[in-house]
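Starting from the structure of chain A, add chain B where the hints point.
The listed protein sequences correspond, in order, to chains A and B. At the far end of the first sequence sits residue 498, using the working numbering, and the numbering has no gaps. At the far end of the second sequence sits residue 517, using the working numbering, and the numbering has no gaps.
Source of the hints: derived by calculation from the structure; they are not laboratory data. All C-beta atoms in this analysis are idealised placements derived from N, C-alpha and C, irrespective of residue type, glycine included. Relax, there's no trap hidden among the hints.
One-sided excerpt, in silico: chain B residues whose CB lies under 10 Å from chain A:
1. 70
2. 77
3. 81
4. 82
5. 89
6. 106
7. 121
8. 124
9. 128
10. 130
11. 137
12. 148
13. 156
14. 159
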Amino acid sequence: MAGPSGKKEKVDKAGPSGGGKKKKDVKKETGLGLSVKKDENFGEWYSEVCKHEMIEYYDISGCYILRPWSMAIWEIMQTFFDAEIKKMKVKNCYFPLFVSPGVLEKEKDHIEGFAPEVAWVTKSGKSDLEVPIAIRPTSETVMYPYYSKWIRGHRDLPLKLNQWCNVVRWEFSNPTPFIRSREFLWQEGHTAFATKEEADEEVLQILELYRRIYEEYLAVPVVKGMKSENEKFAGGLYTTSVEAFIPNTGRGVQGATSHCLGQNFAKMFEIRYEDEEGKREMVWQNSWAYSTRTLGVMIMTHGDDKGLILPPKVASVQVVVIPVPYKDANTQGIFDACTATVSALSEAGIRAEEDLRDNYSPGWKYSNWEMKGVPLRIEIGPRDLENDQVRTVRRDNGVKEDIPRGSLVEHVKELLEKIQQNMYEVARQKREACVQEIRTWDEFISALNQKKLILAPWCDEEEVERDVKARTKGETGAAKTLCSPFEQPELPEGTLCFASGKPAKKWTYWGRSY
Amino acid sequence: MVASLRLPSLTSLLFPATTRYPAALRRTVCLRNRPASGFASGTAASTDAHRLRSKQAVTPRSQDFNAWYLDVIASAELADHGPVRGTMVIRPYGYAIWEAIQEYLNVKFKETGHSNMYFPQKEASHVEGFSPELALVTVGGGSELEEKLVVRPTSETIVNHMFTQWIHSYRDLPLMINQWVNVTRWEMRTKPFIRTLEFLWQEGHTAHATPEEAEKEAKQMIEIYTRFAFEQTAIPVIGGRKSKLETFAGADKTYTIEAMMGDRKALQAGTSHNLGQNFSRAFGTQFQDENGERQHVWQTSWAVSTRFVGGIIMTHGDDTGLMLPPKIAPIQVVIVPIWKKETEKTGVLSAASSVKEVLQAAGVRAKLDDTSERTAGWKFNFWEMKGVPIRIEIGPRDVSSNCVVVSRRDIPGKAGKVFGISMEPSTLVAYVKEKLDEIQSSLLEKAVSFRDSNIVDVNSYEELKVAISSGKWARGPWSASDSDEQRVKEETGATIRCFPFEQTQGIKTCLMTGNRAEEVAIFAKSY
Chain A
-15 MAGPSGKKEK VDKAGPSGGG KKKKDVKKET GLGLSVKKDE NFGEWYSEVC KHEMIEYYDI
45 SGCYILRPWS MAIWEIMQTF FDAEIKKMKV KNCYFPLFVS PGVLEKEKDH IEGFAPEVAW
105 VTKSGKSDLE VPIAIRPTSE TVMYPYYSKW IRGHRDLPLK LNQWCNVVRW EFSNPTPFIR
165 SREFLWQEGH TAFATKEEAD EEVLQILELY RRIYEEYLAV PVVKGMKSEN EKFAGGLYTT
225 SVEAFIPNTG RGVQGATSHC LGQNFAKMFE IRYEDEEGKR EMVWQNSWAY STRTLGVMIM
285 THGDDKGLIL PPKVASVQVV VIPVPYKDAN TQGIFDACTA TVSALSEAGI RAEEDLRDNY
345 SPGWKYSNWE MKGVPLRIEI GPRDLENDQV RTVRRDNGVK EDIPRGSLVE HVKELLEKIQ
405 QNMYEVARQK REACVQEIRT WDEFISALNQ KKLILAPWCD EEEVERDVKA RTKGETGAAK
465 TLCSPFEQPE LPEGTLCFAS GKPAKKWTYW GRSY
Chain B
-9 MVASLRLPSL TSLLFPATTR YPAALRRTVC LRNRPASGFA SGTAASTDAH RLRSKQAVTP
51 RSQDFNAWYL DVIASAELAD HGPVRGTMVI RPYGYAIWEA IQEYLNVKFK ETGHSNMYFP
111 QKEASHVEGF SPELALVTVG GGSELEEKLV VRPTSETIVN HMFTQWIHSY RDLPLMINQW
171 VNVTRWEMRT KPFIRTLEFL WQEGHTAHAT PEEAEKEAKQ MIEIYTRFAF EQTAIPVIGG
231 RKSKLETFAG ADKTYTIEAM MGDRKALQAG TSHNLGQNFS RAFGTQFQDE NGERQHVWQT
291 SWAVSTRFVG GIIMTHGDDT GLMLPPKIAP IQVVIVPIWK KETEKTGVLS AASSVKEVLQ
351 AAGVRAKLDD TSERTAGWKF NFWEMKGVPI RIEIGPRDVS SNCVVVSRRD IPGKAGKVFG
411 ISMEPSTLVA YVKEKLDEIQ SSLLEKAVSF RDSNIVDVNS YEELKVAISS GKWARGPWSA
471 SDSDEQRVKE ETGATIRCFP FEQTQGIKTC LMTGNRAEEV AIFAKSY
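In isolation and in its complexed conformation, chain A is listed as follows (with noise of 0.2 Å):
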């Protein structure tokens, strides 16, 4: 049986591995556990849970290095995400980092809006090159000459591509680790289509991948909608996008893009296509890109107080299995209990881990899992083995559990399934506890003040989102549209929009945001 959780104990001395003088100087505190707490000081608290082990920081401001931790995370996404675009025939390529400024200034509103944003290198050595070169904040003005080329006829299109890669901006608002940094890694897709209905159709397509990444795989609660025309992609024709809301900051945050362009990067770029009658057409074109910085939002949608919480889906270690040997205990048979129990999860596919380190008390093990977020713990002590069992404790709700080792397998599957369904949940429920409907200036600010999720009749004007902005400005940001959403309630004839009074025209989340 397992000890209390969190209470540090000491290893039997005559430990197992009987390695002569080896010192068993059991670590008792090593600055494990978090300073603070998520409700108190949200920021500290964050970076605290990604400096363990997700992220390190490092002496380039706004630049993270991803460790094995958050980069298995990373992985799990883009092996889910890249098989299913690849079912779409969208097919991956890789475009040079480096961009000569004369593309990148063709698309003018493109530009404007990246323009304070790129990092620019100069020299090589110790000279100065010719042309200033651009390191891509986006490919759009990277690859679209390529499209130009590549595309002559109907017959090259769809043309669907997708790359993984790096990009770069050098903004100067905080970084926040994943959320905002000023290098982050995503997919960018790009795609040309003949006509208007099939881009349409997979704006969407890819919107709902993205809703499952955050939905399906980090338990992520997320809406799917429009953005407004002042917050859509610089140079494209709409936006569609998947937002999440951090509840404890009261703040949108943006999850995903998948961009409808139009024709506006065709012209610029002249990508046209010889249609069936020989007619010179421009084509119709997409972008959509994730992030890692998906990783921020499930990390402060999930972590507590004592750290990280990994939904199984993603967690490159689902399982720890963790000995808990007494004095005078088999020690070697618990030891031996854990080995197969992994292997036993191993063997059906499941990501376990044992922690069989000696100079660490099991009380501290559990610590520190804890704060890695793994979502289960198997703890296995002298009693367990007595009665061919193993304890389960859950890292989302610490509910434990005496299971018999004849239907371990099993019943790990079904509760790593109640873990990640429970997690979502949770999260949902978070979520919609925030959400409020107002309809008027005044209740708008007050839902603000109390850091809610607003969804607000609106007249959809950009002056007006405009005047929100100049009128909500503060030391915290100032509130924006974050999307209308696809899945719209009534509106009744006769509302009006809450900041203009003019006749509104749709629903809109209002927030401030990352």
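Chain B alone, transformed into the frame defined by chain A:
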């Protein structure tokens, strides 16, 4: 502390500044358009028979190797030149080969205990010296940066910077990580896949408690690369150790795999370095051993890049174009339906598409080329040029006899064509799989015999010169000095590619000095 290691010098080994191919300059911007319009290579006067026949042929390899290489890359849609000089766009067909490389190696790395991670691409430039190969970011977000940033040419510095913080005790060792990333080296002379300003690679970095472990790791990784080269890409590389001159700056030992290209130049296709304690001493990367004493860690690093794709092209391609080993071919089988009358079309197409499904269901990467705009002949040439290992033809007569025609890319003409293979799924799948295996091993055999017939055993400098000037590799006993090695390079253009792991027994005398030699070395001109 960092100053003692000059980052720039690290690049010298990965891309040793040996002889460059002069013709590369001439054609750096020769990557042409697309098959339909841009197949003809630069020489307009050429009367090559292929070109006349199909208007889509590449410069024959036998005529001009370099022109052929660039033509193949353009025509087979592997890559295009990038917007900035010396960069390249890797197109889906070329990228799929890189993905096959990644898939195989990534699994092997994990099986051997390595984890993937990601280090930032920009490093502070407090590292001494600015080699001309380093790209520097000086402006960001609209203003001059206080500190210039280096776009990573390789990651030893930042890795060690972090290892120093992560490693405390022997229990933290071994630390074994890898990353798949882009790196930048501002090269002046570039060649697609072989040497570009930016390229993709994996770089593994490990830290160990003992020199033995580090040595074992460095050897293990070169062994993984070697097996990959042989088994997946059918490239019979020669594994060995670099000479002192050619060893990675900062390494105690560099292991390499060297491949012989179709023009008999050597290509360094992968390296694995035993870094000893050089970096850990420079960065102060220490751990507490089991006796409580502070020790510097022992390290390795190892890498394979998109250069390997160039190696595959230049090993197996022929006058007709690309020839891909089945195991890494993005398309293993192309199915070309043939019909004349509209009445035949439906039957042929439905048979062809069921063949495709049968093969795909069996895990064969099959593609059906059912466009009606091109003739069957055009398609044959096109897919041959793209190097697809097997072509299946299906015509009306085949449909009625429930058979297909199977052609091998590696055996040209009638000899490689077999008629009357049953369409019955289990028969067809078994046949195709067997042929794919045969092609794979036959490509390797061919490459092995090409390699072996172009390595000459030499016992004197004269013999070495003769061998090198006839374009071959020279293998001979070597124990001479660095300056002798330098002299060989200056006089012949050849460098020591490696001291191969496989050594003959018996007493040897150095080809240069006549002194006793322990090992033979292989000399060759290289990319």
